[in-house]
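Assemble the whole structure, with the sequences as input and the hints as a guide.
Okay, here's what each chain looks like letter by letter:
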Amino acid sequence: MPTWLQRQKYLIDFTLSSLLRRRAKNAGLLLVYTLIVFVLASVMLFTHALRHEAVHVLAQAPEIVLQRMVAGRHDLVPATYLDRIGEVRGVHKKSGRLWGYFYDPAVKANYTLLVPPTDAPAGGEAVIGAGIARARGLAVGDFVTWRGSDGQPRSLRVARLLDSDSELVSSDLVLVSEDFFRGFFGIPAGQYTDLALSVRNPREVRKVAEKLALLLPDTRPILREEILRTYDAVFAWRQGIVYVLLIGAVLAFVVFAWDKASGLSAEERREIGILKAVGWETGDVIRMKFWEGAIVSLTAFLLGYVTAYAHVFFADAALFEPVLKGWAVLYPHFQLTPTIDGLQLATLFFFTVFPYTVATIVPIWRAAITDPDTVMR
Amino acid sequence: MIELRDLRKAFNQGRPNEFWAIRGVSLSLEANRVTVFKGPSGSGKTTLLSMIGCLARPTEGRILFEDRLLSGLPERFLTEVRRRTFGFIFQQFNLIKGLSVLENVMLPGYPLGGPRHALEAGARDLLAQFGLADKARYRVEWLSGGEAQRTAICRALINGPRVLIADEPTANLDTALSRDFMRIVGELKAAGKTVLLTSHDPEVYDAPQVDRVIEMRDGRVE
Numbered sequence: 033m034p035t036w037l038q039r040q041k042y043l044i045d046f047t048l049s050s051l052l053r054r055r056a057k058n059a060g061l062l063l064v065y066t067l068i069v070f071v072l073a074s075v076m077l078f079t080h081a082l083r084h085e086a087v088h089v090l091a092q093a094p095e096i097v098l099q100r101m102v103a104g105r106h107d108l109v110p111a112t113y114l115d116r117i118g119e120v121r122g123v124h125k126k127s128g129r130l131w132g133y134f135y136d137p138a139v140k141a142n143y144t145l146l147v148p149p150t151d152a153p154a155g156g157e158a159v160i161g162a163g164i165a166r167a168r169g170l171a172v173g174d175f176v177t178w179r180g181s182d183g184q185p186r187s188l189r190v191a192r193l194l195d196s197d198s199e200l201v202s203s204d205l206v207l208v209s210e211d212f213f214r215g216f217f218g219i220p221a222g223q224y225t226d227l228a229l230s231v232r233n234p235r236e237v238r239k240v241a242e243k244l245a246l247l248l249p250d251t252r253p254i255l256r257e258e259i260l261r262t263y264d265a266v267f268a269w270r271q272g273i274v275y276v277l278l279i280g281a282v283l284a285f286v287v288f289a290w291d292k293a294s295g296l297s298a299e300e301r302r303e304i305g306i307l308k309a310v311g312w313e314t315g316d317v318i319r320m321k322f323w324e325g326a327i328v329s330l331t332a333f334l335l336g337y338v339t340a341y342a343h344v345f346f347a348d349a350a351l352f353e354p355v356l357k358g359w360a361v362l363y364p365h366f367q368l369t370p371t372i373d374g375l376q377l378a379t380l381f382f383f384t385v386f387p388y389t390v391a392t393i394v395p396i397w398r399a400a401i402t403d404p405d406t407v408m409r
Numbered sequence: 193m194i195e196l197r198d199l200r201k202a203f204n205q206g207r208p209n210e211f212w213a214i215r216g217v218s219l220s221l222e223a224n225r226v227t228v229f230k231g232p233s234g235s236g237k238t239t240l241l242s243m244i245g246c247l248a249r250p251t252e253g254r255i256l257f258e259d260r261l262l263s264g265l266p267e268r269f270l271t272e273v274r275r276r277t278f279g280f281i282f283q284q285f286n287l288i289k290g291l292s293v294l295e296n297v298m299l300p301g302y303p304l305g306g307p308r309h310a311l312e313a314g315a316r317d318l319l320a321q322f323g324l325a326d327k328a329r330y331r332v333e334w335l336s337g338g339e340a341q342r343t344a345i346c347r348a349l350i351n352g353p354r355v356l357i358a359d360e361p362t363a364n365l366d367t368a369l370s371r372d373f374m375r376i377v378g379e380l381k382a383a384g385k386t387v388l389l390t391s392h393d394p395e396v397y398d399a400p401q402v403d404r405v406i407e408m409r410d411g412r413v414e
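The listed protein sequences derive, respectively, from chains Z and Y.
All residue numbers for the first sequence refer to the numbering used here, where the first residue is 33 and numbers rise by one.
All residue numbers for the second sequence refer to the numbering used here, where the first residue is 193 and numbers rise by one.
It is worth saying that the hints were derived from the structure and are not from the lab.
One should not assume that every hint holds.
[Unchecked claim] Computed footprint of chain Z on chain Y; a stretch qualifies when at least three of its residues, placed anywhere within it, have a C-beta under 8 Å from a C-beta of chain Z: (1) 241–251; (2) 264–272; (3) 305–317.
Cβ atoms here follow ideal geometry from the backbone N, Cα and C, with glycine treated the same way.
This is the structure we're talking about:
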């Protein structure tokens, strides 16, 4: 084995025994350090996973959704707009969508009623999301009655429950037939909630949106990428809120870690003097301290990150869920896909491991370069 | 073997509390001899030995070892010399608490980066030689005074130094152990080592193993 490598092994050996000799101090430091990494990593992993999930879910969404605006507010769009959109090159598919919100006073929750483009339920039947089923205690075959926009009660039989795998997007969803929808909300034939457009070439999406805005000035095109950016912003904002709340704890840890890492006790100074007296170079002492900082910070980082991973992907981020997902009556139960952002991981690593390792080296310099005779006196 | 030319050492130089611990010492120390530096506290014995053993640098003057100038060497080379040429036995032994006897003895060998099995074997041989083989795994805090000193001797010998330096080695020992220590010194001398001691203990400077006694006072040789 090369001399240099064997030397590092000896230094690491001594460092580990040195850490174990100051068990209480180092265990406390490791615990706090791990906790900080755990909290920061949990927030990062959770928000990244949510963003990743949003991207995945929205992958099936149409490239452009066209909404009609009246006095700055969303209004119904006439079916004739579909014919006019046929003039715009690049639009591959177009269809009208029927969807809307319904407030259920019984559970104080908002539902999304939607007419699916294919396989719509039969008249008088509905397919409901798992959140609604839980909130109202419904099962397949049960009946639910809601009052429509005309004040008349309308009953629906629950034909099926939506798959729990899709709960992230379908928890509050009610799929109904077109006839029921129009009667329930009072929307006449020839009117849609909005229009869904597919554009084959992703690079043409913005151009098509521009043309649509010119062709139909009372509409606004909403691009799928804009929806993704909005989700991104929401989660980033929430992530930021959590970080701001944690800043007090992080600063307290920085002060604590700096104090622990940079202070040398009389015993440690004496040990350095002994090491130098028995033939250790200044460089050996500094390297030993570097390993000490690196071992503590790397261990804390690994423990904290692995625990955070388990917390987010196996325990559903129980500590942060309400803050980061938001509050709702119909809270979806869903399993996030384990995913790690390399850049976030590297950033967290750099800002946790690196400063602590440096903090252990800087104060050792003065002790390491003095004559061992002086240190020992 | 070791030559000192007009050696001087000051502490806190240039400050109001400046103190000259060594005030012009010139000496020649022969190889394979036991030399004792004798004198009251504050006479500069420890400081002189620290400089000879490359633990501290002189303020003025020169130290030569076999005609090679030591005092002007950069720290890295000085450490290399200290590592291979000198072995130290400190007054308080200065063993590292929490480590075992074996680990303490092996410590000076770490920077050399040699194979671990060879270093450990050498350490165990030394411990066996000094009757500490069964104490190898003991924590040093559990040792008696004599055992701690013998551990310190083993540590000083692990790298095969030619010169052994001991500062007040019997200060914490009773008469029996002091005589035992001087017996060990005689054996080391017989093995070809040069031994330098400081002491104001008659059991040391009057011992038959001692070849030369140098008296010091106020930083000078009398």
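Against the structure, the hints:
no.	hint	result
1	241–251	holds (count 4)
2	264–272	holds (count 3)
3	305–317	holds (count 4)
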